[in-house]
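Colleague: What follows is the residue order along each chain.
Number of protein chains: 2
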Amino acid sequence: MTILRVALAQVDLTVGDLAANSEMVLARTAEAAAAGAQLVVFPEMTLTGYPPEDLALRPSFRAASIATLHAVATSLAERGLADVGVVVGYLDEDAGSRNAAAFLLGGAVVARYFKHHLPNYGVFDEDRYFKAGSDLPVIRFGGVDIGLTICEDVWQDGGPFSAAAAARVGLLLNINGSPYERDKNHVRLSLVQRRAKEADATVVYVNQVGGQDELVFDGDSFVVSPNGTLLARAPQFVEKLFYVELDLPEATGTSAGGDSPITIRRFTAPLPPRALTESSSTPPLGSSEAPALAIAPGLADEAEVWQALVLGTRDYVRKNGFASVVIAMSGGIDSAVVAAVAADAIGGENVHGVAMPSAYSSEHSISDAVELARRLGGPLRTVNIEPMVRAFVSALELTGLAEENVQARVRGTTLMGLSNQHGHLVLATGNKSEISVGYSTIYGDAVGGFAPLKDVPKSLVWELARWRNAAAERNGEQPPIPENSIAKPPSAELRPGQLDSDSLPDYDELDRLLARYVDEDAGLEELVAAGFDRDLATRVSRMTDAAEWKRRQYPPGPKISLKAFGRDRRLPITNRWRESRP
Amino acid sequence: MTILRVALAQVDLTVGDLAANSEMVLARTAEAAAAGAQLVVFPEMTLTGYPPEDLALRPSFRAASIATLHAVATSLAERGLADVGVVVGYLDEDAGSRNAAAFLLGGAVVARYFKHHLPNYGVFDEDRYFKAGSDLPVIRFGGVDIGLTICEDVWQDGGPFSAAAAARVGLLLNINGSPYERDKNHVRLSLVQRRAKEADATVVYVNQVGGQDELVFDGDSFVVSPNGTLLARAPQFVEKLFYVELDLPEATGTSAGGDSPITIRRFTAPLPPRALTESSSTPPLGSSEAPALAIAPGLADEAEVWQALVLGTRDYVRKNGFASVVIAMSGGIDSAVVAAVAADAIGGENVHGVAMPSAYSSEHSISDAVELARRLGGPLRTVNIEPMVRAFVSALELTGLAEENVQARVRGTTLMGLSNQHGHLVLATGNKSEISVGYSTIYGDAVGGFAPLKDVPKSLVWELARWRNAAAERNGEQPPIPENSIAKPPSAELRPGQLDSDSLPDYDELDRLLARYVDEDAGLEELVAAGFDRDLATRVSRMTDAAEWKRRQYPPGPKISLKAFGRDRRLPITNRWRESRP
Chain A
895 MTILRVALAQ
905 VDLTVGDLAA
915 NSEMVLARTA
925 EAAAAGAQLV
935 VFPEMTLTGY
945 PPEDLALRPS
955 FRAASIATLH
965 AVATSLAERG
975 LADVGVVVGY
985 LDEDAGSRNA
995 AAFLLGGAVV
1005 ARYFKHHLPN
1015 YGVFDEDRYF
1025 KAGSDLPVIR
1035 FGGVDIGLTI
1045 CEDVWQDGGP
1055 FSAAAAARVG
1065 LLLNINGSPY
1075 ERDKNHVRLS
1085 LVQRRAKEAD
1095 ATVVYVNQVG
1105 GQDELVFDGD
1115 SFVVSPNGTL
1125 LARAPQFVEK
1135 LFYVELDLPE
1145 ATGTSAGGDS
1155 PITIRRFTAP
1165 LPPRALTESS
1175 STPPLGSSEA
1185 PALAIAPGLA
1195 DEAEVWQALV
1205 LGTRDYVRKN
1215 GFASVVIAMS
1225 GGIDSAVVAA
1235 VAADAIGGEN
1245 VHGVAMPSAY
1255 SSEHSISDAV
1265 ELARRLGGPL
1275 RTVNIEPMVR
1285 AFVSALELTG
1295 LAEENVQARV
1305 RGTTLMGLSN
1315 QHGHLVLATG
1325 NKSEISVGYS
1335 TIYGDAVGGF
1345 APLKDVPKSL
1355 VWELARWRNA
1365 AAERNGEQPP
1375 IPENSIAKPP
1385 SAELRPGQLD
1395 SDSLPDYDEL
1405 DRLLARYVDE
1415 DAGLEELVAA
1425 GFDRDLATRV
1435 SRMTDAAEWK
1445 RRQYPPGPKI
1455 SLKAFGRDRR
1465 LPITNRWRES
1475 RP
Chain B
895 MTILRVALAQ
905 VDLTVGDLAA
915 NSEMVLARTA
925 EAAAAGAQLV
935 VFPEMTLTGY
945 PPEDLALRPS
955 FRAASIATLH
965 AVATSLAERG
975 LADVGVVVGY
985 LDEDAGSRNA
995 AAFLLGGAVV
1005 ARYFKHHLPN
1015 YGVFDEDRYF
1025 KAGSDLPVIR
1035 FGGVDIGLTI
1045 CEDVWQDGGP
1055 FSAAAAARVG
1065 LLLNINGSPY
1075 ERDKNHVRLS
1085 LVQRRAKEAD
1095 ATVVYVNQVG
1105 GQDELVFDGD
1115 SFVVSPNGTL
1125 LARAPQFVEK
1135 LFYVELDLPE
1145 ATGTSAGGDS
1155 PITIRRFTAP
1165 LPPRALTESS
1175 STPPLGSSEA
1185 PALAIAPGLA
1195 DEAEVWQALV
1205 LGTRDYVRKN
1215 GFASVVIAMS
1225 GGIDSAVVAA
1235 VAADAIGGEN
1245 VHGVAMPSAY
1255 SSEHSISDAV
1265 ELARRLGGPL
1275 RTVNIEPMVR
1285 AFVSALELTG
1295 LAEENVQARV
1305 RGTTLMGLSN
1315 QHGHLVLATG
1325 NKSEISVGYS
1335 TIYGDAVGGF
1345 APLKDVPKSL
1355 VWELARWRNA
1365 AAERNGEQPP
1375 IPENSIAKPP
1385 SAELRPGQLD
1395 SDSLPDYDEL
1405 DRLLARYVDE
1415 DAGLEELVAA
1425 GFDRDLATRV
1435 SRMTDAAEWK
1445 RRQYPPGPKI
1455 SLKAFGRDRR
1465 LPITNRWRES
1475 RP
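Protein sequences, first through last, are from chains A and B. Everything in the first sequence is counted per our numbering, starting at 895 for the first residue and increasing by one. Everything in the second sequence is counted per our numbering, starting at 895 for the first residue and increasing by one.
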């Protein structure tokens, strides 16, 4: 057996920023080498970021990605890191665009792998962008045969994991851009456990961490033994190098693939790995310089969702070049939770609240907003929107719904004015329940660059608020969300005495219905069979069917569910289908 | 030889409206039968409309599509049309979701075909939605062997057209949902000519006509002989039945496919076709009741684009349930052309203009708007936006760009107020050049349900204006677009004396550059090699790279180019790639 010390680089990437991503690879490899690592494994499409979408179609971007890969290999050697094996993902071009991984050593690219299985469902469109590979490279490094695979390859029967068994690979690397989704980490682990047994090899699964538009990557990198035992697991939502020492079988394989359609290509690393015991400066695994990765405990559902929202929001703000946000603070639960998420993401002092009372606003709408801003430690500005609203209403003779909407739009224009003047990003405060059924005003409350609660049903908004406050209390901190914002009945306050319950069913029931109708594509008859009232199901499905245009106009938000509105769900705007009209 | 009279049903569909689409099939089949047709061929996904996008993932929608297919077969027989062969497209479910065609006769489904080649590029995402078929049904009908194929099947080598040759098919039907794109009709024809020769069969190519969100289907249905000669071609952008009489070889084939991977399945129609000479009431082909389809002359480029914009706008307005539109009339060329397109689409009386002068508006901005509305015969309302703008600027202390933007947003809110109050759809007036480089205000001029010029570069906007006016003059009508709107230099009029040329390069050069950079994915070095100034190419590419968020917020508009912003081009919002930073 041979012992290899491996660093799992659970890192955050920026799409399109080849310079920053490659500098990160160099810095993290130096850090890993100092901790005695002999092999560092980075996530899928490390250099380009993932998903690059149509950037993958630009020949100049593909050429830049390949040039960056070779520059990284050279720079590693120049920085004295030639004897550290480095696995990075990148975009290649070889008879087509390729989702690729490379094994770097000795200042050169030792082997390349092109992803075999290209997901093309949900948030994935890889059939548009990539050509599938059909080879499995096996690199003999330090006496161990190491195979490379990428992400979806692990989800397929008869794929490279079967070929790896035939090749008698000792260590199989699987690099990922696998977005967070509630409860998904259980699925990932059990699948990899099965594949490890099939391949009869140790599997190192490395996933990126960070937000990219609607996607939040949660990390959750781990290592599984050939018999399927979970050996180590990184915490979710943490950017860090994690170290393991793996006891791996001596390489014996010579097969070129047998009867598998996958061709095995064998490579020999041009250098032995940096010796673990060579230098007295190599810290022992388990020391503070090279902490050993244990099995991190799983997070509770609310904690996991909260961290996904915080990371998604932080990265969207930061990667788009903003340092502060502005939020309409109505005193309600949605804006309070959005502001608390933002405060956790970028600091309360960077969360600028705006209270925008109108003639229909309640007393507590201001007092609760003031209390929220006080707890978060951010500035609050009050803008009386009555003069602007009156000017529109009288110039245009608006009544009814048109008058209600103009209030929301004056607020939207106010937020954008402050955004343009002061450089804050506007966060929209709508939740998934409202957005599903179209209970929002285009260019009004739908204004914003990012919508942290876009994929969070209203009932979960309340749960998150209670969870976040309880977590603060456990830590002896002040709960960020005013209790009154949690307790009071929700209202848009666009006409006197208005309550959400005037227009919408009870949120608990609505959310259970939407989970079936939106996330699971259940039909009306299935809803009725599942126990929902037919009239209610008819009404909610029709509202949802008709709201596609409004949903399209809503800003992106972090995806946490099976079907988020955005890349996941693409309905025609011009669509006469109504579930309730067979 | 056997003579078959075939009706090419170049019809308009509505996505999701199974009831309306199937009623259309029944009515058009009755019309065709009265004209003596023995076979009526409808476009791809006739019953569901195309593209259905995520509706195809709903089991209840698939079940409804199949039920509708059988109901149509039954209703045809009930209406005395049992002996007319009817080919319709629909969504099937058979070990997966299928883009399917069916041959109906005698009140039953005689044969089904599942599309083999699923396009997954540009506006197409069929790998997400459908499972590919691998059989070629051949239906013996009136002594002729008829093969069915769908759309992209014709674009592939070695596909069903090769199998059709082995099967000795006499007539090959190809039903389409092929969107308009400038110059594409030449490509379609030459491809089908090649395939007809390969298949050694007459090919009937039927395409839908009409607008569906960003897509405009132009019809352009045609018939090609086995030696590749174009026999008949329908005019573009016209919804109608077109008749041909085809002299077809007697069926002799018995093969089940030979060495092709495609299985040939043979069916025999349960009835002979309705006899052409049986009834004295059958009108002869070429009579006014059964006009023979000749080869329609091609359209000039401007005429083709204009008709695409008009049809796309008309169908978007109508299919989304609107009867009128409201447009900001600034006196400039863009709003004048949008209004003229809208007037051609839904009648000038339904085009509501709003002039919204601010402190920076020129005299002619009002007078040209008044003249435009007069020529179109629609109402014009003037709303002085100064009170609203002043209220925002003073309440929020806005300066510079923030003040410029608030003017645009007050206009947007005004348009939406009038839309909500009176039920008009707002048309946005931006053009592709501005939208490419981000020269627009989110929630300001970007407000609207549809943007007719979204894919029209500014230089083409001027060409279209001149062409439309000249066309009117040729017909002895008043040109719709005021000459002053065409002649004056373009300005956003958001600060004193502002001109587009202060911020943007000359539009002719900009448009040539964008055509390479956006439509063809050319890199910076290619632009320079093509003769563009490096500084200009750097500046324009950077503006374009940075404007993705604004483009995403722009309403949909009719696609006329290789790469329209929308379904065609999907860049990350969070994207640090800059073409000019290698």
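These are calculated hints, taken from the structure and not from any lab test. There could be a bad hint or two in this list.
[What the hints assert, rightly or not] Derived pair list, reagent style BS3-like, types lysine-lysine, alpha-carbon separation capped at 27 angstroms:
#1 A:Lys-1091 / A:Lys-1078
#2 A:Lys-1025 / B:Lys-1134
#3 B:Lys-1078 / B:Lys-1091
#4 B:Lys-1078 / B:Lys-1134
#5 B:Lys-1025 / A:Lys-1025
#6 B:Lys-1025 / A:Lys-1078
#7 A:Lys-1134 / A:Lys-1078
[Said to hold, decoys possible] Incomplete in silico selection of chain A near chain B, CB under 8 angstroms:
#8 Pro-953
#9 Thr-1308
#10 Asp-1427
#11 Thr-1468
Ideal placement from N, C-alpha and C gives every residue a C-beta, glycine not left out.
Colleague: All the hints need checking, so say for each whether the structure fits it.
Modeller: We went through each hint and held it up to the structure:
Of the pairs offered as hints, the one joining A:Lys-1091 and A:Lys-1078 holds, with about 21 angstroms between alpha carbons and a cut-off of 27 angstroms not exceeded. Restraint check for A:Lys-1025 and B:Lys-1134: the C-alpha separation of about 41 angstroms exceeds 27 angstroms, so the hint is violated. Proposed proximity of B:Lys-1078 and B:Lys-1091 is supported: the alpha carbons are some 21 angstroms apart, at most 27 angstroms. A distance of roughly 21 angstroms separates the Cα atoms of B:Lys-1078 and B:Lys-1134; the hinted pair therefore holds under the 27 angstroms criterion.
For the suggested pair B:Lys-1025 and A:Lys-1025, the alpha carbons sit about 19 angstroms apart, so the restraint of at most 27 angstroms is met. Taking the CA atoms of B:Lys-1025 and A:Lys-1078, the gap is about 26 angstroms. The hint holds against a cut of 27 angstroms. Of the pairs offered as hints, the one joining A:Lys-1134 and A:Lys-1078 holds, with about 21 angstroms between alpha carbons and a cut-off of 27 angstroms not exceeded. For A:Pro-953, the shortest C-beta to C-beta distance to chain B is roughly 6 angstroms, which falls under 8 angstroms, so the interface hint holds.
With a cut of 8 angstroms, the hint placing A:Thr-1308 at the interface with chain B holds, because the nearest CB-to-CB distance is about 6 angstroms. The beta carbon of A:Asp-1427 comes no nearer than 18 angstroms to any beta carbon in chain B, farther than 8 angstroms, and the hint placing it at the interface is violated. The beta carbon of A:Thr-1468 is positioned within 8 angstroms of a beta carbon in chain B (closest approach about 5 angstroms), and the interface hint is therefore held.
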